[in-house]
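Protein chains in written order, with numbering that gives the first Met the number 0: chain A, 0 to 258; chain B, 0 to 229.
Since the hints were derived computationally from the structure, they do not count as laboratory data. Treat the hints loosely; a few may be bogus.
[Stated by the list, open to error] Stretches of chain B that chain A covers, calculated by requiring three or more beta carbons in the stretch to come under 8 Å of a beta carbon on chain A:
#, segment
1, 50-56
2, 109-117
3, 160-170
[Unchecked claim] Facing chain B, from chain A, some residues (calculated, C-beta under 7 Å):
#, residue
4, N1
5, E3
6, I4
7, H7
8, S11
9, K14
10, V16
11, G20
Beta carbons: idealized from backbone N, C-alpha and C, even for Gly.
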Amino acid sequence: MNQEIKDHIRNSLKKGVRLDGRKLDELRPVELETDVLSTAEGSAKVKFGDAEIFVGVKMALEKPYPDTPDDGVLMVNAELLPMSNPEFESGPPSIDSIEASRVIDRGIRESKSIDTKSLCIEKGEQVWSISVDVAPVNYDGNLIDMGGFGALAAIKTARFPEITEDGVDYHKRTNKKIVVKKLPIPITVCKIGDSLIVDPTEEEESLIDARLTITSLDKDNICALQKGGDYPLSMEDIDAMVDLAMKKASELRKKLEAL
Amino acid sequence: MSELIAKDREVVVPGQIVAKGMDFLPSQGTYRNKENVIANRLGILSVDGKVLKTMPLAGRYMPKKDDTIIGKVIDILVSGWRFDINSPYSAVLPLKDASFDYIARGADLTKYFGLEDYAIVKITNVTSQNLVDLTVKGQGLRRLRGGRIIKVNCHKVPRIIGKQGSMVSLIKDATNCKIVVGQNGWIWLQGEPEMETLVYKAIKLIERESHTKGLTDRVKELLNNKGGKK
Numbered sequence: 000m001n002q003e004i005k006d007h008i009r010n011s012l013k014k015g016v017r018l019d020g021r022k023l024d025e026l027r028p029v030e031l032e033t034d035v036l037s038t039a040e041g042s043a044k045v046k047f048g049d050a051e052i053f054v055g056v057k058m059a060l061e062k063p064y065p066d067t068p069d070d071g072v073l074m075v076n077a078e079l080l081p082m083s084n085p086e087f088e089s090g091p092p093s094i095d096s097i098e099a100s101r102v103i104d105r106g107i108r109e110s111k112s113i114d115t116k117s118l119c120i121e122k123g124e125q126v127w128s129i130s131v132d133v134a135p136v137n138y139d140g141n142l143i144d145m146g147g148f149g150a151l152a153a154i155k156t157a158r159f160p161e162i163t164e165d166g167v168d169y170h171k172r173t174n175k176k177i178v179v180k181k182l183p184i185p186i187t188v189c190k191i192g193d194s195l196i197v198d199p200t201e202e203e204e205s206l207i208d209a210r211l212t213i214t215s216l217d218k219d220n221i222c223a224l225q226k227g228g229d230y231p232l233s234m235e236d237i238d239a240m241v242d243l244a245m246k247k248a249s250e251l252r253k254k255l256e257a258l
Numbered sequence: 000m001s002e003l004i005a006k007d008r009e010v011v012v013p014g015q016i017v018a019k020g021m022d023f024l025p026s027q028g029t030y031r032n033k034e035n036v037i038a039n040r041l042g043i044l045s046v047d048g049k050v051l052k053t054m055p056l057a058g059r060y061m062p063k064k065d066d067t068i069i070g071k072v073i074d075i076l077v078s079g080w081r082f083d084i085n086s087p088y089s090a091v092l093p094l095k096d097a098s099f100d101y102i103a104r105g106a107d108l109t110k111y112f113g114l115e116d117y118a119i120v121k122i123t124n125v126t127s128q129n130l131v132d133l134t135v136k137g138q139g140l141r142r143l144r145g146g147r148i149i150k151v152n153c154h155k156v157p158r159i160i161g162k163q164g165s166m167v168s169l170i171k172d173a174t175n176c177k178i179v180v181g182q183n184g185w186i187w188l189q190g191e192p193e194m195e196t197l198v199y200k201a202i203k204l205i206e207r208e209s210h211t212k213g214l215t216d217r218v219k220e221l222l223n224n225k226g227g228k229k
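Please put together the full structure from these sequences, using the hints given.
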């Protein structure tokens, strides 16, 4: 991006103003819709301002891994689709898309919010495998937070398909849902100069000094962290970032609890 | 007998027959097929005497000679610069139109325009093959330093400017910002950060509600409420 515009954004941030008029700790207007894709067992459409993503949950019967014979399988995949931004290219996944997938996955996995034992059908033989796909259709920054939020909404509203003698009948859905015990919500707090901001747009993302994704559960438990950016963070920075992330996560959590 | 089928200022879709008979003439966004004049764009039909055209509601900027636009340098060529002009076609600023100085052979062209720089430029020529030529020689044309760019639908630009520039002067006076509106839908502005966001909000309001009545009053209200000068 143009260096002068970068300087301009930095100078505005020093005065506490962001280009779209938001406060530093303000999220864009959040819109959430669930059950939007008929071919997926669970789905969500998430909009943060102009940024828009779809999340789909597919379920399949698979053989479990030998070391966890009675655990279901969870997979999260996020892609930076060329359709969503002219900067993205097709081909093998980029570092950023791998990072987004892994961080969203880590939040859900390490919080143990999904009871993987309940996904077991026959120990060592058959378990449900749940794959979550995050697809941006209009990329405008902050994919991790949107993806983590959308993934939970899609998992929470997903319903298992019916099992028949020939396998799975995807046309028929049961009323059984995945047991979601906790709601791990990732919030990325970015440091630009001395300012801490949340929910960066694409423009702001391009001049981040450091960022910290904090995935937190209710009652202020942290279940995953991811640091990015070239600059280090001090203890005070991290304290402030964690406090901010907790506050923002509880705002988003309310929307998910309503589902 | 000629007959106008769609009304003036009606929304028409591609393929729709807007008039029958040889008394009507197709113009931009319409074409003739035997007796029929047919729309080839989604837009509002405008009937000017016998001439029928459609004004598109959305879509990219189509370069037109003598338009003043804002462009971004995307490539430095042997003898000029290539600009992104928010259009399907890129534009070229040749060396001879870039500066009043003498530019020696082999000079470092980034001294005049570097990659990703924005500039206010004027279109000097558009060929039948849509090759676009630019100039920065002329009143108000220059490289932009500082400030920020906002991007809007280029078909809303006339509303943002207003009659004889009334809307944009209203915003300028209330916020003390420098504003340049390019015909291609890119707008440059520079001022105090709070005021810049106010300009951003006002322009987005105009873009969103450009088709409604009493827009000027609502813009005034927004500017007054959010701390602009009266």
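Checked hints:
no.: 1; hint: 50-56; result: violated (count 0)
no.: 2; hint: 109-117; result: holds (count 3)
no.: 3; hint: 160-170; result: violated (count 0)
no.: 4; hint: N1; result: holds (4 Å)
no.: 5; hint: E3; result: holds (5 Å)
no.: 6; hint: I4; result: holds (6 Å)
no.: 7; hint: H7; result: holds (5 Å)
no.: 8; hint: S11; result: holds (4 Å)
no.: 9; hint: K14; result: holds (5 Å)
no.: 10; hint: V16; result: holds (4 Å)
no.: 11; hint: G20; result: holds (4 Å)
Comparing the model with each earlier hint shows violations of hints 1 and 3; every other hint is respected.
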